[in-house]
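Undergrad: Chains as they are written, first to last, in the working numbering: chain S, 1425 to 1536; chain A, 5 to 118.
No lab work stands behind these hints: they were computed from the structure. It is possible that part of the hints are untrue.
As the list claims (entries may be wrong) - To give a feel for the contact side, a few chain S residues facing chain A, derived at Cβ under 10 Å:
(1) Lys-1444
(2) Phe-1452
(3) Gln-1453
(4) Thr-1456
(5) Phe-1458
(6) Lys-1465
(7) Gln-1466
(8) Thr-1473
(9) Tyr-1482
(10) Ser-1513
(11) Ile-1517
(12) Gly-1521
(13) Asp-1526
(14) Pro-1529
Said to hold, decoys possible - Computed footprint of chain S on chain A; a stretch qualifies when at least three of its residues, placed anywhere within it, have a C-beta under 8 Å from a C-beta of chain S:
(15) 38–48
(16) 99–106
Note that beta-carbon positions come from the ideal geometry of N, C-alpha and C, so glycine has one too.
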Amino acid sequence: GAVVSQHPSRVICKSGTSVKIECRSLDFQATTMFWYRQFPKQSLMLMATSNEGSKATYEQGVEKDKFLINHASLTLSTLTVTSAHPEDSSFYICSAGKDRRDFGPGTRLTVT
Amino acid sequence: AQKVTQAQTEISVVEKEDVTLDCVYETRDTTYYLFWYKQPPSGELVFLIRRNSFDEQNEISGRYSWNFQKSTSSFNFTITASQVVDSAVYFCALREGGGNKLTFGTGTQLKVEL
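Next comes chain A alone, as it looks inside the complex (with noise of 0.2 Å):
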């Protein structure tokens, strides 16, 4: 059975400080999805990124990042020089290859300080 656990419950940074969010999955397909979704208080789920299993090349995308580690199950989401607008709720999901459902993750709360 698929599984994404997010063990950061709620992180607290002061703006301008860099920030990794983490993700560890479990799956026994060797073909599945990764996914980092931002909630911010509005509700509404936000696509960041999704990545497949066969890609484990490190994503840039301006101040976010993603390191991709099969060896450790993990999908790790930094963001450098956090601003106040990267407070939210993030979520990481996990779709396996023979499927269509995402599974969530607990999510981490980011509150980004002045």
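Chain S with its partners taken away, still in its complex shape (with noise of 0.2 Å):
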């Protein structure tokens, strides 16, 4: 069965508002979590990787007061994005794993 977990699986929203995703790891505990973003027919781009206990590390180009952040327990990690607009309309994905690096199911985010 799953191994990670995602919180909404899909969510439409007003543009100006915030949404928040939760990214869990069911059967082991994850210091490290990835956030990704897919854009329709296209390759999934790393947008961060979420650190259990500290700041995240985001990659270049991503905007960290706009997708925040928050690896609160080795369990779960939370992607907000914030004062959304509809160009951050996509599919999000989040990963946990060490070795096997498994994906969560991923949320569709749709801005309005």
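Hints given; two lone chains; assemble the complex.
TA: Next up, the structure:
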């Protein structure tokens, strides 16, 4: 069964609002989790590495103030898209696992 | 810098045909890990295999097989007797031994038709 879960699977929000996405490791502890973004018919682009108990590491070009990441426990990381705009509409996927690297089912965000 | 190339953007086959998805990688590390994932229309990435750079032995899992060739920096994936349920986007990915980031290829869309 799934070892990484994400919630919600789909969210529609209005421009200017904030949206929080949760990523959980189900049967293992994850000191590190990864957040990806995927546009239609494109590959996965790493946004940031979430580190339990410390600040996330963001990839070049990713606005840390816009995409807030919190990794408060060994099984939970959250990504908050602040002041969302239509261009933030995308498929967001989290990942965890040292060796195998499993992925969550993804969250489809639509900003209207 | 690490890089993964999947030159085949889209492949269409008829059910029961064999199909090979190509993956070529670049890295300066001697220790690295290669992955294949399947992404069906639902969007979830399904882990298929992880191979480390010191293990060149080819692997077979049911109808799936992988051919790892360090000499050509390739890690190709073959599906034997393809089925409609194999229709998906397949991603090859690389993680260098000294890091924890996965670098993905652009993916190959496989369409298996009746």
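Undergrad: What are the numbers of the hints that this structure violates, sorted from low to high?
TA: 1, 2, 3, 9, 10
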